[in-house]
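Peer 1: This is what each chain is made of:
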Amino acid sequence: MSDPATLALVTTGLSKSYRTGHVIQGRRPALQDLDLEVRAGEIFGYVGPNGSGKTTTLKLLVGLLKPDRGDARVLGEPLASRAWRFRAGYLPEHPYLYDYLTAAEYLEYAGRLFGMPRARRREKTRELLALVGLERSADVPLRRFSKGMVQRAGLAQALVNDPELVILDEPMSGLDPIGRRLVRDIILGLRRAGRTVFFSTHILSDAEALCDRVGVLRAGRLVRAGALSELLRLDVQHMEVFVSGLPEDVPALASARRERVGERLRLEVDERDLGRAVAAVEAAGARVLSVQPVRQTLEDYFFREMGTPGGGASSWGEG
Amino acid sequence: MSRLLAVAANTFRETVRERVLYNLVFFAVLMTLAGLLLGQLSIRQDEKILKDIGLASMDLFGTLIAVFIGTGLVSKEIERRSLYPLLAKPLGRGEFFLGKFAGLAFTLLVNVSVMAAGLALTLLATDRRPDPALAGAVYPILLGLLLVVAFAMLFSTLTSSALAAVFTVGVVVAGRFADVVRNMRDVAPGVPPWLAEALYAVLPNFRNFDFKDRVAYGEAVPAGVLAWVTVYGVVWIAIVLVLGLLSFRSRDFQ
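In order, the protein sequence lines correspond to chains A and B.
According to numbering that gives the first Met the number 0, the first sequence holds residues 0 to 318 in order.
According to numbering that gives the first Met the number 0, the second sequence holds residues 0 to 253 in order.
Hints may contain errors.
Coverage of chain A stretches by chain B, computed from C-beta distances (three or more under 8 Å per stretch; other residues unrestricted) [to be verified]:
no.	stretch
1	54-67
2	100-112
3	263-277
Calculated directly from the structure, the hints in this document are not laboratory data.
Quantities reported herein were computed from a predicted structural model and do not represent experimental measurements.
The C-beta atom is built at its ideal place from N, Cα and C for all residues, glycine as well.
Construct the entire structure; sequences and hints are all you get.
Peer 2: Shown next as structure tokens:
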């Protein structure tokens, strides 16, 4: 258990189930006994396959759902308190913003809900539209925005109050590569400014690139939480050698795993055997094209924990 | 309070930018003009016909607007999830719900006022004096419309927008025949008296807001009656709003 003063978010036994069926009603557990800690100033990635309970958790935290049992403290305040909401921001998954408003009007409206004075609202609106790259579209109705632009405007409204804690549900969803880069930079900028970011994602490379720590959710249960270095084996697993012109029968490379990739051959060799393997390739008259170390990725971890790549990928989605 | 007003102002802005409202006002004005035409064709009672048609179209179009915005705009917030980012802010669900009602009420006030002004102008334009007693019929109409919108919001928190509209129209129609329900024994003697009484008790009597005939005949509505109608309307609106609020507050947004 960490020092409560350094925690931005703590959940204890947080659970939620949904009603199923119309005539004969049952309950389907969506989140079970979630014990989670998010430290102040860190970027925490909440990852898991479709239907694992990520969005349910975030909705419970911001009050869109009521927990069956369990509790949470946000920024040191009880979950039910209104006080922490002045200090937090939230971006829902696939946000729908009022399409009859312009982006600037929407941000002004969001600012009013925080009781911000008019001058401050205007200044903040300009600042945030520039931050998310929408300054030229400030006066365009949101109904004319593309999906990616709506996502950016949604992120801007989550930051209107300079929040200490930002809760983002799939913030990269619907964004093109430039938009994803922009959102990544904003998230990193928030950490530099000492803010806490708690975001859910099914894009593991985003979690890997951004997070200090991650929580892994499966079927409504938190299966692991910790620093990436704790979760992943960050030491080199093997070396990947790409070669060309290698004959099939080179005895020194018999133990290496081979895979043909177009004109090239990909060899997986143990780190200790690298020198011998490269010498054998050259002795056989072939050419070494590249050599690189392979470390475990979050994706590898996932497929190991959740099943084979084929099986895991089938349930992988935007949940 | 400032947050409630912010929601109300935004709701009003939404209704203004949804152009269907303008169409309905346009139709109401058309109806009044049609009344004017009828008034010219008739030899007697032309002023009464004009007032009749003006007030009736105010009531009809007002009800359509109330059902449309009450169910449409509130359900849309829930179905399209546009309230998600708002409810995560320091905006209580009660503030959101009551702010929404205040915005819709203001929309109805503006609409009824525009239609009443249209009727008064029509009377003026045809050399008839706009009767101040008309206000005695317009005000109860507005109260009735506020009750309609409160019901529409209540049903929107419970079900889809289409069903909410059906239920609201059902309550309005039943409420307009509330007197028939009360005197059901006269037409259907087999109905147990307690059932008729119970049905009457749970339905608002929308006839209580209807002074159109009286005013069209040039009769003023006494202040005491208007005060009673105000109490009746406000109590019903408060009950329905509290029920809607309780439903909205306990709701999960999956």
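Peer 1: Compare the structure with each hint and give your call.
Peer 2: Consistency of the hints with the structure:
1. Under a criterion of three residues with beta carbons nearer than 8 Å to beta carbons of chain B, the stated coverage of the stretch 54-67 of chain A is upheld, 6 such residues being counted.
2. Three residues within the 8 Å Cβ limit are the bar, and the stretch 100-112 of chain A against chain B gives 5, so the coverage statement holds.
3. Taking a C-beta to C-beta cut-off of 8 Å, the stretch 263-277 of chain A contributes 0 residues in contact with chain B, too few for the three needed, and the coverage statement is violated.
Going down the numbered hints, you'll see the structure goes against just number 3.
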